[in-house]
Amino acid sequence: MLADPDASVMSKAEAQNCLDKSQHIVTHEMFPLSEFRDVQHNLAQSDFFYRYSKSDNPRMKKALKFAKRAQQSANDAGLPEMKLYAENRVALIQNEIDNCPRNNP
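Read in order, the letters of the sequence shown are residues 1 to 105 in full-length UniProt numbering.
Hints may be right or wrong, so weigh each one.
In silico EDC-like pairs for lysine to aspartate or glutamate, Cα to Cα no more than 20 Å straight-line [claimed, not checked]:
#: 1; residue 1: K21; residue 2: D38
#: 2; residue 1: K68; residue 2: E96
#: 3; residue 1: K65; residue 2: E96
#: 4; residue 1: K68; residue 2: E87
#: 5; residue 1: K61; residue 2: E35
#: 6; residue 1: K65; residue 2: E35
#: 7; residue 1: K83; residue 2: D20
#: 8; residue 1: K83; residue 2: D56
#: 9; residue 1: K68; residue 2: E81
#: 10; residue 1: K62; residue 2: D98
#: 11; residue 1: K61; residue 2: E81
#: 12; residue 1: K68; residue 2: D56
#: 13; residue 1: K65; residue 2: E87
Now the in silico label distances, taken between C-beta atoms and shown as ranges [claimed, not checked]:
#: 14; residue 1: N99; residue 2: S11; range: 44 to 54 Å
#: 15; residue 1: C18; residue 2: H41; range: 17 to 27 Å
#: 16; residue 1: D76; residue 2: S22; range: 30 to 40 Å
#: 17; residue 1: E14; residue 2: Y52; range: 36 to 46 Å
#: 18; residue 1: E14; residue 2: N99; range: 33 to 43 Å
#: 19; residue 1: H41; residue 2: E14; range: 20 to 30 Å
#: 20; residue 1: F48; residue 2: Q72; range: 25 to 35 Å
#: 21; residue 1: C18; residue 2: C100; range: 42 to 52 Å
#: 22; residue 1: C18; residue 2: N95; range: 35 to 45 Å
#: 23; residue 1: Q16; residue 2: E81; range: 16 to 26 Å
#: 24; residue 1: S22; residue 2: I97; range: 36 to 46 Å
#: 25; residue 1: C100; residue 2: A13; range: 24 to 34 Å
#: 26; residue 1: R51; residue 2: L84; range: 15 to 25 Å
I should point out that these hints are in silico values taken from the structure, not numbers from a laboratory.
Computed from a predicted model, the values in this text were never measured in an experiment.
The C-beta atom is built at its ideal place from N, Cα and C for all residues, glycine as well.
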């Protein structure tokens with residue numbers, strides 16, 4: 001089969017860049033609810049690591065990272081209720097980390 005003479009060839013990096021741009025346009029400009037879903041996704045990741053990691057400090061820190069990311073996303077998106085939920089999640093996980101027996105010899 002002969003190559004299409006009208007087809008352009010782009011590098012993998014260029015293709016990934018185009019994909020990233022189109023994904024951003026679709027998720028953030030065309031469908032603003034995706035910001036809400038982004039917060040939900042980060043909170044779900046945080047909950048997963050929190051439940052999975054009781055007394056396991058590295059996983060607990062990962063849970064904290066996702067909770068903080070959700071908090072920032074909620075703040076950026078102007079979602080006050082989700083921001084409050086994320087702030088509470090951050091406080092809960094931070095308290096767990098601070099009181100973890102491994103951190104207090």
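- Hints broken by the structure, by number, lowest first? Structure breaks hints 5, 7, 8, 11, 16, 18, 20, 23 and 25.
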